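S.K.: In the order they appear, the protein sequences are chains S and A. Everything in the first sequence is counted per the working numbering, starting at 376 for the first residue and increasing by one. Everything in the second sequence is counted per the working numbering, starting at 376 for the first residue and increasing by one.
The hints are simulated quantities; they were obtained by calculation from the structure and are not laboratory data. Since the structure is predicted, the reported quantities are computational estimates derived from the model, not experimental observations. Among these hints, one or two may not hold up.
[Unchecked claim] In the EDC-like style, the derived pairs of lysine to aspartate or glutamate whose C-alpha atoms are separated by at most 20 Å in a straight line are:
#	chain 1	residue 1	chain 2	residue 2
1	S	Lys415	S	Asp584
2	S	Lys619	S	Asp530
3	A	Lys652	A	Asp588
4	S	Lys459	A	Glu471
5	S	Lys608	S	Asp624
6	A	Lys652	A	Glu641
7	S	Lys652	S	Asp588
8	S	Lys645	S	Asp630
9	S	Lys656	S	Asp584
10	A	Lys472	S	Asp524
11	S	Lys472	A	Asp524
12	A	Lys459	S	Glu471
[To be verified] Just a sample of chain S residues kept apart from chain A, beta carbon distances all over 12 Å, derived:
#	residue
13	Ile386
14	Tyr408
15	Asp592
16	Gln626
17	Leu628
18	Tyr653
19	Gln664
20	Pro686
21	Thr692
A virtual CB, placed ideally from N, CA and C, is assigned to each residue, including glycine.
Below are the chains, spelled out letter by letter.
Protein chains: 2
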Amino acid sequence: MLEVKQVASLIEQHILDAGFPIEPTGLYGPARYILNAGGKRIRPCLALMCANLFTDNPTPQIPVALAMEVFHNFTLVHDDIMDKAPVRRGLQTVHEKWNIHTGILSGDVMMIQSYKLLCQADAAYLVQLLNMFNTTAMQVCEGQQLDMDFETRVDVNLQEYINMITNKTSVLLGASMYCGAIAAGAGEIDANLLYKAGLELGVSFQIQDDVLDAYGDEIKFGKKPGGDIVQQKKTFLILKALEKASPPDKQTLIDVYHSKSTNEAEKITKMLQLFDKYQIKAEAELLMQTYYDSAIVALQKVSVPEANKRPLYELVTSLFGRSH
Amino acid sequence: MLEVKQVASLIEQHILDAGFPIEPTGLYGPARYILNAGGKRIRPCLALMCANLFTDNPTPQIPVALAMEVFHNFTLVHDDIMDKAPVRRGLQTVHEKWNIHTGILSGDVMMIQSYKLLCQADAAYLVQLLNMFNTTAMQVCEGQQLDMDFETRVDVNLQEYINMITNKTSVLLGASMYCGAIAAGAGEIDANLLYKAGLELGVSFQIQDDVLDAYGDEIKFGKKPGGDIVQQKKTFLILKALEKASPPDKQTLIDVYHSKSTNEAEKITKMLQLFDKYQIKAEAELLMQTYYDSAIVALQKVSVPEANKRPLYELVTSLFGRSH
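From just these sequences and the hints, can you work out the full model?
M.R.: This is the structure:
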């Protein structure tokens, strides 16, 4: 089995190019720029490690793994336009460095390139891969739409939130694991277990993100805690708090969350006090753990020797900074 | 063989839905809106008629035909954002009726849906179909990039222009004809002849568009002639005129074309006078005819009885408003 570092290194070697032509540079330059801006490469690493469960040499599955990363980066380019985000991975976003039109068109061509990479898989698996990829890609768009819809809604509930993050984030993790495995000859039962694991890891991961945004260490994560509160984003924390709070506390939550107060620190403190009153952080950690455990159970059911899954478990635990 | 009207009717019946889900309506509503706004449905009709050359019943190829129309409409939604176009087919463009973010995301999901439709083809032909579709989709993006690049360039030559319109417009016509045929079991030689015909028809068609924009009948085409001149667009006419004109006339062409004169009618008249002096319209018509004839020669080489091609010839001639 390849170690996590070996897989990551294989991905880094190949992502530098990802098969994009040179000309026109106005089109492909921005695609290379965002792909080379770094990132954790979680999706292609998961794909390649899942391939490695079913083949000793997963290098033929590298294009399928890259397809997942290129698709993910396409969504970042378009989402950054919609979110008006100026910075990504410490660099200017594509639409900031160039312009919105470049962001749209380079994003488009990245999506097409992700299909082109996927189609380099063994033709015998193409139908399964494309069915999964098409469905996933549509769900990711649906997730982004729901996320935008939530911005103007005040009645979003926790179930809707979990549904949104499942679509926006988790399905692509699941698809990466599924496609890596299928492209390496895995059966549907194993591939579906990996898909399920990816889905659950994704939800767990997003809830962890929500917790870290509110409670994370500024030095360790490079950003001030409370950003989501300041931006009035819907997160697990606020939605769970609204669900659990007494009517007067619920009203306070709503008022503080939507207040246009210029004192951000005070706003964050007030919100965290209410979260603490209802033990929201513990609730989040419990749900994270539930999804995480369920993912591990699914991984354990995959019909390859447990010893061969060691690097995959290592990657997964490292993503959550915890021991398995 | 199905008649042109029967093919058009089949397409209209199926385009109404094109397989989009209902929810979230903010995502799929705009996709349905643009698809139902009309249009000539040239691409899906060509696809289905090419399928019909190789099968008596081309209804199983309808999804492949729709894939071409959905992809075409995706490009319209994104291009309209980039071109800041307020109106399309007499209706507000998607980004005008909703907003740019909706235009981006609904366009994205339309592109994915075009792949989903294409993947409904017989699995035996999937590799050929996807190779053609991926290549074509990237070329269409490249064509749009070149078109945008041309806006800020003063040294575009005719060859570059033909290359741009080939990418932006013609390859999708070629791909529609190729994919329709392949999906119905055609061999590569016949499918490639149809691709070549589509490519050449596309170039001929675009040059016709350029001519009609300058010389067309206002009542017949529903728009004032000279729009391209007013908008300082690069067209066959201006590029050919620049190529043929004497140095002083060339300078006049450049000066008038880029003048910010508020008297549009005068500007159009001056340009047309210079076009006439160098017989640019005749040059355009000659090139149109050359491409058109070459397309017909390719069609004639397709190894099915000439009689079976009658409806296809009818469609092609009707698009050019001429007799074959």
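S.K.: Holds or violated: lysine 656/S with aspartate 584/S, Cα cutoff 20 Å?
M.R.: holds, 12 Å
S.K.: Please confirm whether tyrosine 653/S is truly not at the interface, meaning its C-beta sits more than 12 Å away from all C-beta atoms of chain A.
M.R.: holds, 30 Å
S.K.: Need the status of pair lysine 652/S, aspartate 588/S: alpha-carbon distance at most 20 Å?
M.R.: holds, 18 Å
S.K.: Is the nearest CB of chain A more than 12 Å from the CB of glutamine 626/S?
M.R.: The assertion about glutamine 626/S holds, with a minimum of 29 Å to chain A.
S.K.: Hinted pair, alpha-carbon criterion (20 Å max): lysine 608/S, aspartate 624/S. Please report holds or violated.
M.R.: holds, 19 Å
S.K.: Would you check whether the claim that aspartate 592/S is not at the interface survives, using Cβ distances to chain A and the 12 Å cut-off?
M.R.: holds, 33 Å
S.K.: Minimum C-beta separation from leucine 628/S to chain A exceeding 12 Å: can you confirm that?
M.R.: With a cut-off of 12 Å, leucine 628/S remains clear of chain A, as the shortest Cβ separation is near 26 Å.
S.K.: Run the distance test for lysine 472/A versus aspartate 524/S: straight-line Cα separation, threshold 20 Å.
M.R.: holds, 17 Å
S.K.: Would you mind confirming whether the straight-line C-alpha gap from lysine 472/S to aspartate 524/A stays at or under 20 Å?
M.R.: holds, 17 Å
S.K.: Please work out if lysine 459/A and glutamate 471/S have their alpha carbons no farther apart than 20 Å.
M.R.: At roughly 19 Å apart (the allowed maximum being 20 Å), glutamate 471/S and lysine 459/A satisfy the hint.
S.K.: Given the proposed pairing of lysine 459/S with glutamate 471/A, does the C-alpha separation stay at or below 20 Å?
M.R.: Within the cut-off at roughly 19 Å; holds.
S.K.: Assess, step by step, whether the Cα of lysine 619/S is no farther than 20 Å from the Cα of aspartate 530/S, and give holds or violated.
M.R.: holds, 14 Å
When the structure is compared with the earlier hints, no violation turns up for any of them.
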